[in-house]
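Using the hints, position chain X against chain E.
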Amino acid sequence: MSKQTITITVNGEAYTEEVEPRMLLVHFIREKINLTGTHIGCDSTSCGACTILMDGKSIKSCTMFAVQANGKHLTTIEGVAQNGQYHPLQEGFKEEHGLQCGFCTPGMIMRAMELLEKNPNPTEEEIRWGISGNLCRCTGYVNIVKAVQYAAKKMEEAKQGKGALNEV
Amino acid sequence: MKCKTSPEVGGMGHSIKRKEDARFLQGKGQYTDDFKFPGMLHMKILRSPFAYAKILSIDSSAAMELEGVVAVVTGETLKEYNLHWMPTLMSDTQMVLPTDTVMYQAQEVAAVIATDPYIAADALELIEVEYDPMDPVINPHTALEADKPVLRPDKEGQTNNHIWHWETGDREATDKIFDEAEVVVKQDIYIPRIHVASIETCGCIANFDKINEHLTVHMTTQAPHAIRTVLALVAGHVGLSEEKIRVISPDIGGGFGGKVPVYPGYVIATAASVLIGKPVKWIEDRSENLQADSFARDYHMTGEIAATKDGKMKALRIKTLADHGYTDAAANPSKFPAGMFSVCTGSYEFENAFTEMDAVYTNKAPGGVAYRCSFRVTEAVHAIERMVDVLAQEVGMDPAELRLKNFIQPEQMPYKTPLGWEYDSGDYPMTFKKALDKIGYDELRKEQAEKRAKGEFMGIGISTFTEIVGAGPSKDFDILGIKMFDSAEIRVHPTGKAIARFGTKSQGQGHETTYAQIIAEELGLPATHIQVEEGDTDTAPYGLGTYASRSTPTAGAAAAMAARKLRDKARKIAAYLLEVSEEDLEWEPGKFFVKGAPEKSKTIQDIAFAAYTNHPQGMEAGFEATHYYDPPNLTFPYGAYICVVDIDKGTGEIKIRRFLAIDDCGNIINPMIVEGQVHGGLTMGLAPAMYEELIYDDEGNILTGTFMDYLVPTAVETPAWETDKTITPSPHHPIGAKGIGESATVGAPPAIANAVVDALAHLGVKHVDIPVTAPKVWQILKEKGVAEA
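Residue numbers (the numbering used here), protein chains in the order written: chain E, 5 to 172; chain X, -14 to 774.
Isolated chain E (complex conformation) (with noise of 0.2 Å):
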């Protein structure tokens, strides 16, 4: 099978490689660059656990081609925290124990990125069906919906200029 040369900007950094066209994106980000906090928990599109954002919107990158990717931004959990601060949404996820296992995590968060930035004061019923793409196995997702409420009120906040993040 032919490959082909791709690139794509991951967490701002681009990475050029050749990759068989067949190729999962989800694939490409952990086996090409490494980044291991995307997982993969299904084979049929169902779990959200290899949840990114692809130009600010959220994929399921095992439901996408790596070389359809070719030209984009994507952000994976570990360009989440920024300048030695967790996001208002890793802070909640912390705060609300919105994690046991920390399989889901990565996916649920980057998911919620997206909720949060469409819908900023999202109610629990918006938060339940927003996060309903992304399965999680421990927690039953009532620290999950108090973790997006959690950075919610922080983000808001910020936009007001008070309260501050925490470091990692």
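Source of the hints: derived by calculation from the structure; they are not laboratory data.
Computed list of lysine-lysine pairs in PhoX-like fashion (alpha-carbon distance at most 25 Å, straight line):
id	chain 1	residue 1	chain 2	residue 2
1	X	557	X	-11
2	X	-11	X	580
3	X	640	X	439
4	E	61	X	13
5	E	76	X	13
6	X	13	E	150
7	E	36	X	263
8	X	13	E	98
If you're wondering where the values come from, they're calculated on a predicted model, not measured in any experiment.
Below, chain X without anything else, positioned relative to chain E:
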């Protein structure tokens, strides 16, 4: 609960944030599939399309020609080393790879080792297997009929598909009570086959170093030490000696019992690495995980209760048919083929009880014990909690009142059940009354009556269950002969910081945080200064692993006991440093001080430093302790759950309006983590109660083998759980703590099933098997003529 330590120390009772979160939140967890080693090869498994078939031939020549393919492993390859079969935890045998027959759909048939996982997957397509399909045995109820094939002719003396018969209790005395009883109720109850479906599937990287004859296996295992010993016992003849085997269980993306067994994939990858001398990685797909890894439940039960007309329960009988698949690979302690099912008398006082169980072979994947079942307690609790409601309906009593009438009373603790368990502690009426008050039970019943009058369907379901966790005392409990103790090893450094290692293995339960809290409680060392490690068999003390909520009861106890050994030594060092006798010293968390002169004191950090720099002559230098804890009994946490449902007449849809769970697990190490365990456990109670089931058709095809139709609940289906607690410590446990991880999964399904039956009870509905789905309920409404068009 009042904390003895300051928040800075973070001992028992503090909801300190988790140490493990930092790496998980930044994508820096280290799960099995994240590891890469030089020269690493990849393995993919070819699986059977048939449930039962002869293998006539396997032609792998085309696969071998594909560039990048290193080897194709078949049963014949493994047979040369006598590794084509392996023992199971239940002293049965399981195929690693078949040489002549496949026994279930999705069974491993051959494996490809290649330089790239995509190439390995390509090569699977090129292997040609010729099968001669046979009629499978799928229905366990007919598995013993004479015309059915004997599935396991390989087993000596096996003339039918019966695996074992198991009885507990006094049959004659129980029968006598039934013969004389005023009221007898009887109900068939099926608990369907389900699957843990942890979001991370199973996998391993076997890495055999030919020069040093040393094997390292990174793998998704809940019991790494036991795996090491099994590998040595099973493959010692090919040079795998226990001191040269290192099993590393890194971060695990959820276990739930699905990562206790040894799967063929692990063995094939290990054998391949030993043969090839390179690292071999095997990571299964979701559909492989659902279709071939250990299932849970699949119990067909008939329950009976004998009682008086006014609802005093007298005796319990349960007959069970267990479908184990083609081999008995249930992960039980060796003397308990039906696990702890005999805890089925529940929270109630019975004069006598008797249970008998039979297990049969069918053409399905092996398993049985998984999914937060505490060794079949899910089945036991579902049986008794459903039966109590069946009785309540029969005698015309409110199910809450019936429970209150029959509870074991707190003053009867420790209580010996008719089936032999000694419950350690519990105040069931207190906890249940708290639940009734909190949910407003009486008002709910009034609302229900009003709704019924209007033709609406509302149900209230109760589950007041007793768990049994913390296996277990060496007298009765072993895994393949190894007693079910667990262990802790604490080493305090000269600067007063510590490393502590355990024989258990977290899969998200927060051990890195909570074990540190136990040590912090005992020594007054801040939990943040205590690094906890598990899962590396070269470094951690031998333990039996984490499953069946045993970590807190066993290794948690060992942590306290090892810390107390350190405190004993600390007292001696403090007496030496302060130039007083040991009897003159008093302890408060973090320091010893002289009685009557509290200004004269030595902190635990002073003492740790002295243990290396100025230890008393004649005393061993250093500051460390180990404890292997053999529990005197199990722990018996319990709970009172109440579920309120509304049912849509038009669709049969069941909406959980409220679900209140009050749990009592004795003293609590970290309330935040306990609550998280309960939330997750409740969701894993909801799932089999309403959504999940592994369904087979008559040919043995699995119909729900992917996440497209194996319905793991999302945040939308999952209700906003309400939780609360009471605290009844375990008297025999060093810190009074009981296990909790599985309580909610054990307790929740009957609360949901009881709520649904309760909503339909006035129509004459006595029972509905889980999962209670909208189509099932709609069918009932339609039959009763009350479905809205």
